[in-house]
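For the protein sequence lines, the chains are A and B, in the order given.
When the count follows the numbering used here, it moves up by one through the first sequence with no breaks and lands on 127 for the last residue.
When the count follows the numbering used here, it moves up by one through the second sequence with no breaks and lands on 279 for the last residue.
Since the hints were derived computationally from the structure, they do not count as laboratory data.
Errors might be hidden in some of the hints.
What the hints assert, rightly or not - Listed below are the simulated EDC-like cross-link pairs for lysine to aspartate or glutamate, each with C-alpha atoms no more than 20 Å apart in a straight line: (1) LYS274/B to GLU183/B; (2) LYS266/B to GLU74/A; (3) LYS261/B to GLU45/A; (4) LYS261/B to GLU115/A; (5) LYS219/B to GLU115/A; (6) LYS271/B to ASP53/A; (7) LYS266/B to GLU87/A; (8) LYS224/B to GLU115/A.
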Amino acid sequence: NAGVTQTPKFQVLKTGQSMTLQCAQDMNHEYMSWYRQDPGMGLRLIHYSVGAGITDQGEVPNGYNVSRSTTEDFPLRLLSAAPSQTSVYFCASLGRKNTEAFFGQGTRLTVV
Amino acid sequence: GQQVMQIPQYQHVQEGEDFTTYCNSSTTLSNIQWYKQRPGGHPVFLIQLVKSGEVKKQKRLTFQFGEAKKNSSLHITATQTTDVGTYFCAGRKGGSEKLVFGKGTKLTVNP
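Isolated chain A, as found in the complex:
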């Protein structure tokens, strides 16, 4: 039981490049989400999904796309990276109501 697995742990991108941050969970959780963490800003919700085939925008969705083709996977895509997207990204999953969120180890992304 690995919990929530995020890859990669570190990434450096050039402005304009695209990439996908991977997130997988093996707990059969329906709810998955992506957060970005910046100094002094806490955890801000980017996108979330309440189940396979269903996604919705969070607080800061611009510049990011997501899809949820399976219960296990919830990738986050940066279509054209910008320096403002330099941040630490966390994927989290949780079960039905009143359960805790499990976080991945995080991806530290730098856009130059």
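Assemble chain B onto chain A, guided by the hints.
Just chain B now, kept in the frame of chain A:
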């Protein structure tokens, strides 16, 4: 939209002093959760409060949920260097799966 405000943003204490962080929501919450993030780590679940006026304790940590289910607090008695980290509250609104986090309180402890 739903907002969760958390104060203070930073708190520096001497080892042995107490520490409290406060969380306030603009709307009534169905439950509130608390997480701890060690430096360089990821948030880890501490506890969940569900009932109005609920108080829970974990050793030196005391968690409270307000009567109106709009505010919560985390109190640490006699801090230790192992308490260092950022503490987040996270609230859920009734009927929603979305978990909204406060900005966190970063605690540093001077030995």
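Here is what the structure says about each hint:
1. For the suggested pair LYS274/B and GLU183/B, the alpha carbons sit about 15 Å apart, so the restraint of at most 20 Å is met.
2. With a C-alpha separation of about 11 Å, the suggested pair LYS266/B and GLU74/A falls inside the 20 Å cut-off, and the hint holds.
3. Annotation: proposed proximity of LYS261/B to GLU45/A holds, straight-line Cα distance about 17 Å (limit 20 Å).
4. A threshold of 20 Å between alpha carbons decides the hint, and for LYS261/B with GLU115/A the separation of about 15 Å falls inside it, so the pair holds.
5. For a cut-off of 20 Å, the pair hint linking LYS219/B to GLU115/A stands: about 16 Å separates their Cα positions.
6. Between LYS271/B and ASP53/A the alpha-carbon distance is near 10 Å, which keeps this suggested pair within the 20 Å criterion.
7. For the given pair, LYS266/B sits about 18 Å from GLU87/A by alpha-carbon distance, which is consistent with the 20 Å threshold.
8. For the hint pairing LYS224/B with GLU115/A, the CA-to-CA distance comes to about 16 Å; that is within 20 Å, so the pair holds.
In summary, this structure violates none of the numbered hints.
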